[in-house]
Each structure stands twice: as C-alpha cells, then as structure tokens.
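Sequential numbering from 38 applies to the sequence shown in the numbering used here.
Keep in mind that the hints were calculated from the coordinates and are not lab data. Using N, Cα and C, we set each Cβ at its ideal position, and we do this for glycine too. Keep in mind that the hints are not guaranteed to be accurate.
Label-pair restraints from in silico Cβ distances [claimed, not checked]:
{"hint": "1", "residue 1": "41", "residue 2": "76", "range": "24 to 32 Å"}
{"hint": "2", "residue 1": "118", "residue 2": "82", "range": "25 to 33 Å"}
{"hint": "3", "residue 1": "87", "residue 2": "108", "range": "30 to 38 Å"}
{"hint": "4", "residue 1": "118", "residue 2": "53", "range": "27 to 35 Å"}
{"hint": "5", "residue 1": "51", "residue 2": "91", "range": "16 to 24 Å"}
{"hint": "6", "residue 1": "93", "residue 2": "57", "range": "14 to 22 Å"}
{"hint": "7", "residue 1": "91", "residue 2": "44", "range": "28 to 36 Å"}
{"hint": "8", "residue 1": "109", "residue 2": "89", "range": "13 to 21 Å"}
{"hint": "9", "residue 1": "62", "residue 2": "108", "range": "27 to 35 Å"}
{"hint": "10", "residue 1": "88", "residue 2": "108", "range": "25 to 33 Å"}
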Amino acid sequence: MLKEIIKSSNKVVGTKQVIKAVENGKAKLVIIARDADDFIINKIKAVTDAHSVDVEYVDTMEQLGSMCGIQVGAASAVILK
C-alpha cells in the first residue's frame with residue numbers, strides 16, 4: 038500500500054528536501070530507508086519528532102528509490118500535503 042501512496046502522491050526525494058519540507062510544514066508523511074546511515078536517520082527523526090510528522094520505514098534505499106520512480110537509491114522521501 039505504501040508503494041501506491043508514494044507513486045500517486047506529490048513527493049520530494051532526498052534528505053535535505055525532506056528536512057526542508059518538514060520544517061516548512063509541508064510534510065504529510067516521511068519515509069525512511071532502514072539501511073540509510075544512522076546519522077541521516079537520526080537527523081530526520083529529530084526533525085519529524087519536533088514537528089509531529091508521521092514516519093514510515095522501508096527496508097532498503099534501493100527499494101525507496103524504485104518506489105519514488107528514480108534509478109538510484111534514496112535514504113528518505115516525503116509525501117507533501
């Protein structure tokens with residue numbers, strides 16, 4: 038189901054863009070790859086916790102990139118409001 042949500046929604050891919058969207062109040066849901074670097078996961082979690090944004094996880098960066106329709110792995114993505 039998460040795959041369908043990602044494909045059909047307005048989204049932004051990439052850690053910097055995810056953090057910016059959360060801080061600007063534009064984030065509906067953040068998706069993080071479990072195999073992303075710990076410092077990236079922790080940084081995103083700190084921002085999402087501070088702004089009360091829900092977080093979902095996928096197993097790999099490759100899987101998240103594919104779900105987002107890009108040819109490379111992605112550590113994170115955000116579904117926009």
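A quick look at each hint next to the structure:
| no. | hint | verdict |
| --- | --- | --- |
| 1 | 41 x 76: 24 to 32 Å | 30 Å, holds |
| 2 | 118 x 82: 25 to 33 Å | 20 Å, violated |
| 3 | 87 x 108: 30 to 38 Å | 32 Å, holds |
| 4 | 118 x 53: 27 to 35 Å | 19 Å, violated |
| 5 | 51 x 91: 16 to 24 Å | 19 Å, holds |
| 6 | 93 x 57: 14 to 22 Å | 19 Å, holds |
| 7 | 91 x 44: 28 to 36 Å | 18 Å, violated |
| 8 | 109 x 89: 13 to 21 Å | 30 Å, violated |
| 9 | 62 x 108: 27 to 35 Å | 30 Å, holds |
| 10 | 88 x 108: 25 to 33 Å | 30 Å, holds |
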